[in-house]
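Participant: Make the full structure from the sequences, and use the hints.
Letter by letter, the chains look like this.
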Amino acid sequence: MEKVAIKDSSYRLKKAKILQTKKLTANEKFFEIALMDGERLDYEPGQFIMVSLLGIGEVPISVCSSPAKRDSFDLCIRAVGKVTRSLHKLKAGDVIGIRGPYGKGFPVRILEGNDLLIIAGGLGIAPLRSLIQYVLDNRRDFGKVHILFGCKEPKDMLFSDELEYWNERTDLHYACTVDRADPDWAGNVGVITTLMPGVDIEPSRTFAAVVGPPIMYNFVIKELIAKGIPERQILLSFERNMKCGNGKCGRCQIQNLYVCQDGPVFHYEQIKNLNEAF
Amino acid sequence: MEDLQYVILKKERVHDFISTLSKIQKLVAPVSKGYNNFAFEEVSSGSEIALKYIPTILPLKKFFMPQRETLLEFKIAKGTHAEPVVEYEPMTIFGAHTCDLAGVQCLNMVFSERPKDYNYLTRKNKITLIGLECNEYCDEYASCHLVNASFPSGGYDLFFTDLGDYFIVHVNTQTGDEIVDTTESFEKADTSHIKELKRLRDTKSKIFSNEVSIERRYMPELFDMSFRARVWKALEERCLSCGNCTNVCPTCYCFDIRDELELNLKRGVRYRVWDSCQLEPFARVAGGINFRKERSARQRHRYYRKFRYPVDRFSRFFCTGCGRCTRTCMAGISLKETLNELIKESEDRVWKKWL
Amino acid sequence: MKKPKVGIFDFACCEGCQLQIANIGEDVLDVLGSIDVVEWREVMSEKWGKNLDIAIVEGSITNPHAVKRIQKIRKKAKIVIAYGSCATIGGVNGMKNNFNLDDIRKYVYGDSYRFFPTEMTKAVHQIVKVDYFVNGCPVYIPEFVAVLKAVLQGIPYYVPDYPVCVECKLNENVCMYDRKVTCLGPVTRAGCNAWCINNCNICYGCRGMVSNPNEKGAQDVLAKYKIPMDLILNKMNMYNKCRELG
Amino acid sequence: MDKRNININVEYLTRVEGHGNIVINVKEGKLDTCRLDIVEAPRFFEGMLRGRSIFEAQHITSRICGICACGHTLASIQAAEDALGITPTEQTIKLRRLLLHLEMLDSHILHIYLLVAPDLLGVKSFVPLINSHNEVVRRALRMKKTCNDMCDILVGRHVHPISAIVGGFTKLPGQSDLDAMLGMLKRMRTDMDATVELAAKLKFPEFERDTEYVALVNDDGEYPLLIGDIGSTDGVRMNKKDYKRITNEFVVPYSSAKHARLSRESYAVGALARFNLNSEKLHPKAKEVATAVGLKPKCINPYLNTAAQLVESVHCLEDAISIVEDLKNTSLHYDEEIVIGLNEQSNIPVRAGNGVGAVEVPRGILFHNYQTDENGIITNANCVIPTSQNTGNIEYDMMKLVPEILDKGDEEITLAIEMLVRSYDPCISCSTHLLNIRFVNK
Ligand SMILES: Cc1cc2nc3c(=O)[nH]c(=O)nc-3n(C[C@H](O)[C@H](O)[C@H](O)COP(=O)(O)OP(=O)(O)OC[C@H]3O[C@@H](n4cnc5c(N)ncnc54)[C@H](O)[C@@H]3O)c2cc1C
Ligand code: SF4
Ligand code: SF4
Ligand code: SF4
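For the record, the sequence lines run as chains H, P, C and D. Counting in our numbering, the first sequence runs without a single skipped number right up to 278 at its last residue. Counting in our numbering, the second sequence runs without a single skipped number right up to 355 at its last residue. Counting in our numbering, the third sequence runs without a single skipped number right up to 246 at its last residue. Counting in our numbering, the fourth sequence runs without a single skipped number right up to 442 at its last residue.
No lab work stands behind these hints, which were simulated from the structure alone. Misleading hints may appear alongside valid ones.
The list that follows gives simulated cross-link-like pairs (lysine-lysine, BS3-like), each with its CA atoms no further than 25 Å apart [to be verified]: (1) K91(H) with K266(P); (2) K7(H) with K266(P); (3) K204(P) with K3(H); (4) K222(H) with K152(H); (5) K22(H) with K89(H); (6) K216(C) with K226(C).
Predicted model, so just to flag it, every value in this text is computed and none were measured.
Facilitator: What follows is the structure, encoded as structure tokens:
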């Protein structure tokens with residue numbers, strides 16, 4: 001058996017340093033990361049990277065910052081298992097491996113000049129934060145912007161200071177809701193679709209970007225279509241099991257589509273007939 | 001047929017040829033494992049080889065993408081350093097049937113697609129492939145004609161056809177040419193040999209005919225109609241989810257990637273292993289949702305990955321008709337039967353629509 | 001990093017799984033170099049008695065005394081590893097549960113049977129919480145080492161939830177069903193690299209069943225090969241009887 | 001002698017396989033109690049075997065003891081074949097002898113290095129030896145691993161062998177496997193020499209008590225381990241089928257325990273017993289070692305059981321080499337590979353029967369006995385392990401030893417007694433059906 005190094009391997013890792021971490025909720029942690037060796041990550045909002053902890057494993061994570069932030073990027077990670085729990089133990093200065101970015105993000109060139117209805121459920125805010133920050137960085141290029149956010153309980157609220165900031169901005173409409181309130185909660189209570197009647201949109205010029213847990217999609221899409229938004233203008237991001245990110249390992253397939261390469265962001269029109277999508 | 005590309009190997013010289021070949025580099029060929037089972041294993045003499053064999057337990061993919069292969073080697077001490085590597089072993093494969101050659105062609109397409117998989121491609125370039133024609137069906141499980149894999153169509157360096165006292169050999173590549181030169185076992189073919197070959201192929205085209213009652217070109221359409229077919233539901237109760245059908249399939253290439261550390265927790269490797277869409281955890285994500293929870297959905301996915309999805313991507317079927325999945329299934333799930341049932345079910349539907 | 005303090009304890013079992021540790025050979029010194037074994041009755045006279053980082057527990061729980069002892073160990077140990085079939089699924093000791101307990105006691109010990117209190121055999125997790133499982137009768141050394149590394153890394157170890165057939169095929173064995181012999185591979189959790197089939201025996205199910213076995217399908221297969229149901233149930237019960245206790 | 005009171009209670013005797021307690025009570029200089037209690041949780045193997053196919057017996061009874069798994073397997077197979085009326089082929093017997101040698105070697109090495117040596121070197125366990133005698137520990141592990149690797153080749157694994165079943169082997173070693181084994185065995189000679197050298201230096205306590213020694217005997221030139229009649233140093237000889245005559249349970253007057261007895265109140269089995277009965281059949285190299293360590297029959301110092309284990313190790317290594325060389329020369333008959341049956345495929349006809357297996361395992365003779373109905377289903381089972389035969393003898397040894405060393409301190413007495421028990425290499429994890437379990441009903 002012979003062994004040689006492969007320069008162009010699609011599994012080659014880039015070294016990245018954690019600049020800072022911040023606990024967001026009991027289960028989610030925020031990481032600001034910079035590539036080492038003078039490299040930069042070029043990505044679109046909605047794309048993801050593979051994050052490696054050598055000896056433990058590799059997981060797909062959405063980049064949650066705006067590409068305009070050139071020198072570093074952000075991740076928001078929920079601790080659920082092997083790799084993600086181990087990532088939570090890291091602190092500023094620690095080094096991780098990454099590869100990517102991968103997949104198709106939100107088509108910002110197409111979104112430009114249109115109104116946006118951004119709907120995030122729970123951790124779905126992570127990839128959407130990238131889009132929102134991008135939109136805010138380039139606010140002039142977009143029409144009206146609505147952001148709807150829902151999560152289980154107030155304590156699960158991610159990026160609460162940023163939500164606060166969006167709420168205060170006059171150039172966008174922001175609303176949020178929780179499934180279950182706690183005594184300190186004065187806001188909306190109910191599933192995310194309860195916020196939708198309050199949004200006034202011009203369907204033909206509105207693009208909806210929706211990211212959340214699988215069960216959320218069915219209900220939200222129904223509402224959006226009822227509001228008259230064309231199927232082509234509804235964008236969804238999917239989460240599937242993923243190992244390679246290269247469209248080979250087969251884990252993330254939704255029928256004939258590979259989430260890692262053809263997605264994770266899809267037009268509703270593209271996938272509405274795929275039984276395995278929902 | 002171009003004469004120049006053909007040589008012949010007399011039967012009495014086969015053993016010489018094999019032992020010479022085995023001295024050039026590692027040689028693997030089909031050997032008998034008993035109970036009408038065969039496997040590609042290393043050989044050094046002609047007597048070890050089973051020239052008449054039905055498809056081996058594992059297909060050739062085990063040489064092109066081994067069951068376990070290292071992707072990265074890393075050290076954890078002092079930051080992290082990881083180096084992508086490929087492990088390979090130059091070898092010659094002798095005796096590949098047309099279905100298995102087709103399987104390798106499929107894998108070549110997959111791993112050449114961007115982003116290219118250099119682990120596969122590097123290894124592939126070190127493998128010499130010598131095909132061997134099936135003059136008749138291996139058994140009732142084969143369906144190679146349906147998928148257009150019953151006749152040779154490239155993908156080899158040399159291709160052997162048994163014509164009684166001798167093999168006629170098609171030289172397809174320069175590597176093949178070099179083998180002919182260095183082993184010095186071959187003679188030039190003349191027109192009578194070529195005629196013999198033609199005659200064999202004519203007979204073959206009478207023996208080999210569509211194993212399933214559908215024309216090849218209608219297959220994608222059949223599958224387009226069949227996503228909700230009852231056939232899949234019926235498989236729910238039968239399939240044991242043992243993953244045998246995908247492991248033995250020449251074109252199933254799904255894999256898992258894992259890390260392994262040495263005990264000192266300082267060095268390790270990242271490696272990939274074969275995986276199977278038939279296994280319970282395959283499409284399960286954090287949080288416990290399983291996107292293909294039902295065995296029926298998993299079986300359906302397998303069939304679509306053979307007959308429908310690759311048609312869009314690679315313009316060919318990813319079934320080579322080798323029949324391994326049927327042969328290996330202890331629940332007796334048969335590829336041909338499933339297809340026939342799909343056809344019957346769709347005919348019902350079309351018929352009812354007309355009524 | 002400070003070396004974790006490890007205790008190795010045995011309950012009703014053959015102690016073969018402990019022996020597997022010695023069978024690692026010289027590499028065991030690397031294993032012992034990464035942990036600090038403070039209690040291991042089979043090979044050590046030292047006794048510890050204090051709190052432990054890791055308790056490796058071999059054997060099934062078969063009498064009231066053992067129940068108390070395992071509860072004590074659980075209280076003392078941060079991490080409990082159930083080690084070997086007896087500990088993880090009850091193993092061969094579970095066959096006892098096929099019988100009336102008094103009857104089996106009388107059979108073996110005659111009139112003195114009263115001196116041998118016994119209870120239904122249970123796996124360790126059926127009494128106390130277990131953090132890691134090392135299945136197998138005996139344990140497969142590479143898997144044990146993998147679990148140990150996961151413990152040291154502080155990450156979970158997932159026992160494969162797919163059948164032995166997967167590994168069996170990767171090893172390119174002739175399937176036992178082709179030899180007209182029943183094999184429990186299709187319903188047994190992988191992780192042993194199809195040890196028994198590699199050696200031309202059948203799988204006896206020593207690693208426990210996969211989480212979602214297709215029982216109906218398995219019955220059809222048996223019918224197809226004309227194998228009597230009770231024979232296979234009997235075989236299933238060799239290692240997996242304790243499953244019934246929930 | 002002063003009127004001492006001694007109360008020794010060693011709970012969870014360590015460095016033995018399985019769980020045992022020692023209870024010694026000296027009241028005013030007189031020995032009052034002297035017991036070896038077996039506290040292993042009973043596992044009821046014999047009970048569980050009822051209703052099982054005779055072809056499953058070997059798989060199940062191997063699980064009686066992980067240390068002598070191959071021994072139990074072989075005794076079980078022998079009993080089953082006896083019951084079914086099968087005669088194994090010559091090749092099968094050769095391979096089984098080889099397997100038994102490997103296990104003997106493995107177990108003796110484990111016992112000498114990991115369990116006895118710490119006592120003789122004055123440490124608590126082999127763990128401190130890792131630092132103080134690193135090379136010794138490495139050698140022990142290396143030798144053990146070699147035995148283990150060879151078992152892997154021969155039967156799949158040492159702990160609960162896979163391919164050895166009733167009728168023969170499901171898989172036979174290939175030519176390259178035989179070469180590999182031969183290489184390993186030959187390389188082991190260096191380590192064995194070093195072991196002999198080390199052991200020659202060890203000093204064993206001086207203590208003697210005459211007793212009856214029981215082991216397999218035969219009439220050919222072979223040191224009997226796998227096949228033979230039951231023989232004793234008191235001149236008894238009988239067929240293995242009559243094993244119940246010696247292991248027969250009987251009640252001794254001073255307790256409710258049951259003992260095994262042949263010509264006297266107790267007897268001993270194990271390496272020393274085998275040596276005392278068959279030493280002239282040992283391999284010449286083993287004989288040399290016996291002379292070197294001053295062991296000659298009839299030796300009645302139980303502590304020297306360890307020395308006898310050393311001598312046997314040399315014998316097993318050398319004889320294993322001859323067996324493998326022989327197999328290589330004659331080359332294996334691969335058509336003897338058998339398909340596992342488990343009654344689904346009646347390759348082997350079944351019948352009603354009653355079979356006994358008697359095999360010398362590291363700690364002495366092991367008996368398995370099965371009765372089956374006409375379908376080959378076990379109706380009665382009995383397994384008698386060496387340790388249960390030895391326990392009575394150990395107690396008589398203790399009764400003689402304790403008064404002799406009453407002038408020593410408690411700790412020294414405890415150690416002397418623990419060492420005595422350990423020298424028998426008791427394997428009480430085999431708690432199938434212990435004859436002499438002592439009920440603590442004070
Ligand atoms: C495109 C994309 C973008 C994503 N973006 C983000 C993001 O921005 N932030 C984020 O937090 N996550 C994101 N995820 C999800 C994230 O990738 C997963 O949470 C992560 O892969 C989990 O890996 P893990 O190693 O931590 O968990 P694992 O150890 O793999 O386990 C996950 C869960 O499954 C269970 N499990 C796994 N295997 C087994 C088994 N064999 N037996 C029993 N139980 C098992 C575990 O108990 C655990 O609950 C994204 C996923 C995708 C596909
Ligand atoms: S699906 Fe079955 S017939 Fe088709 S290539 Fe795979 S194994 Fe062969
Ligand atoms: S031999 Fe057993 S484990 Fe192997 S494929 Fe067949 S059924 Fe599965
Ligand atoms: S093959 Fe089956 S019985 Fe054998 S070790 Fe694996 S799980 Fe246990």
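Participant: Run every hint past the structure and note whether it holds.
Facilitator: Going through the hints against the structure:
In summary, the hint linking K91(H) to K266(P) is supported, as the alpha carbons are separated by about 20 Å, within the 25 Å threshold. For a cut-off of 25 Å, the pair hint linking K7(H) to K266(P) stands: about 23 Å separates their Cα positions. Pair hint K204(P) plus K3(H) does not hold up; C-alpha atoms about 43 Å apart against a cutoff of 25 Å. With a CA separation close to 21 Å, the supplied pair K222(H) and K152(H) stays within the 25 Å bound.
With a CA separation close to 12 Å, the supplied pair K22(H) and K89(H) stays within the 25 Å bound. Restraint check: the Cα-Cα separation between K216(C) and K226(C) comes to about 15 Å, which is no more than 25 Å; the hinted pair holds.
The structure does not agree with numbered hint 3 stated previously, though it agrees with all others.
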